[in-house]
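> Terminal number for the sequence shown in UniProt numbering: 545, no gaps in between.
Be aware that one or more of the hints could be misleading.
[As the list claims (entries may be wrong)] Derived lysine to aspartate or glutamate pairs resembling EDC-like cross-links, with alpha carbons at most 20 Å apart:
| # | residue 1 | residue 2 |
| --- | --- | --- |
| 1 | K179 | D451 |
| 2 | K210 | D451 |
| 3 | K261 | E526 |
| 4 | K125 | E55 |
| 5 | K245 | D452 |
| 6 | K340 | E526 |
| 7 | K129 | E101 |
| 8 | K265 | E399 |
| 9 | K261 | D251 |
| 10 | K265 | D503 |
| 11 | K332 | D375 |
| 12 | K113 | E55 |
| 13 | K245 | E187 |
| 14 | K258 | D186 |
| 15 | K119 | E136 |
| 16 | K332 | E410 |
| 17 | K343 | E374 |
| 18 | K113 | E56 |
| 19 | K119 | E101 |
| 20 | K179 | E165 |
| 21 | K125 | E95 |
What the hints contain is simulated information worked out from the structure, not anything from laboratory work.
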Amino acid sequence: MRSGAKVAIVGGVFAVVAGGVGYGGYNLWNGITGGETSPESRSEAAPKTGPVTAEEVTATARDFLAAWAAGEPEKAGQLTNDPVTAGPAVAAYREGASVTEATIAPGAPVGAKVPFTVKATVTYKGVSKPWSYASELTVVRGTTTGRPLVKWAPSVLHPKLTTAEATLRTGEAETASVKAVDRNGDELTAEKYPSLAPIIAELRTRYGSKTGGTTGIETWIDSGSETVPDATVLVLQKGKPGTLKTTIDADVQAAAEKAVKAYGKAAVAAIEPSTGAIRAVANSPAGGYNTAFMGRQAPGSTMKIVTAAMMMQQGLAMPGNRVECPAQVFWKGVPFHNLKNFKIDGGTFTESFSRSCNTAFIKSLGPLSDKDIEDTILGETARRSFGIGLTWKVGVQTEDGNVPESSGGETAASYIGQGRITMNALNVASLSATAKNGGFLQPYLVAKNLDDREFAEAAPLSREVAKGLRLMMTEAATSGTAAKAMAGVSSPKGAKTGSAEVDGQVSNSWFTGYSGDLAAAAVVEEGGHGGDAAGPVVATVLRAG
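Can you build the whole structure from these sequences, using the hints too?
What follows is the structure in structure tokens.
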């Protein structure tokens, strides 16, 4: 959150341009067709129904933009389907953002949507700067009046106003901007690495006052939340940015950005196993929600890294032991099967891991095994040995994984990464990093001595369990389900594939692996099998390291 004064504008000049005609404030309301009708006319005519017409869309958009540009918030609000909210929001735009001039130009309607451009001037304490951007509105028919109205959303005023609490502000920045640099001192910008945009903004909020910079004058999106960083949209007067060193590796980051861009919704994170340093984080689409750190999705069979560790710790199976892998098993009446109902006759635990045999992991546990395993053991293993479910203090906000208690068929589902288990790319990358390192080291993005935060800690894996995980992950990467994706990745290497079914849709594709001293994980929404979509993303990142 930042401090900025609400400045009332007196004598500001606004205009809306439509069809080449400029409308001044003195006549903007005359002839507005979307305004309230008289009580007599409302009683005489029944409300109109059906889709809005092209003429209604054009006229309503023009009149709303004219009222907004004229600084007539009440009139603009009456042209929306939520005047109680819209009117004050339009007023706050002019006052809170210190906009002294604006020209709003509607574009050609596309159905009920009308794009438009805003060219404005922002002035604060004698400092002025031009500001331009594009947005759009949608015209709908009022449910009770039948009038064509603008469907109200804060994003009408600016596309980055995505919540009801967010507002535009202009003033002196509370914290200095930061010059984020990578591990080698190379500058990291949101323009070059768009996935880092929300991260750099949050780093500024948290650490801008600790980097020695000076503040400037800016226009920003005030999120209205202490946990969501504000976002600068215009710099009127620059301050001096302070330098903030991160653990990012610019080369690995560039590879990650390029790799996820091939998919509509994807995320990847990379960690150095020997230190926990985060080397890359990328999302598609970039610049918005940080799914790689904040996602909460079922991780699919990448969870078998944790389940395998639990099985070894509980004495149920070691890599060379024979385990059963039938095509299907039932757990308390709930059926579980393998992809295309494959089975392995007389195979080892390593073979079942490398080929991702669901039934082997379920049949070896609980009521189907000779040794009863409590429903809580998997969650305890995740926390005690992998740090999943502890509170990570990375330097920015993260979701740190959840393996909740379960019962019945849900317990069996959790062994293969389904049920109510949730993780993100950072969490799953940490699973591989823990296996490679032989113990959990909390991932981090900036040095902990910046704010003396305490890192989460977990017990190291035993030498036997760590060796067993690496052996099985190497087998998966060289001859199992991960082999194709990892073919061009340098040894020593290991990997695990995963796919997670979500609400009957095409499965989310998961993949995690390591090569040398770099571990990574990726998720591609509706990407199918782990090796098909997420696998190439991870392999690209690992090769860059």
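> Output the numbers, in ascending order, of every earlier hint that fails for this structure.
4, 17, 20
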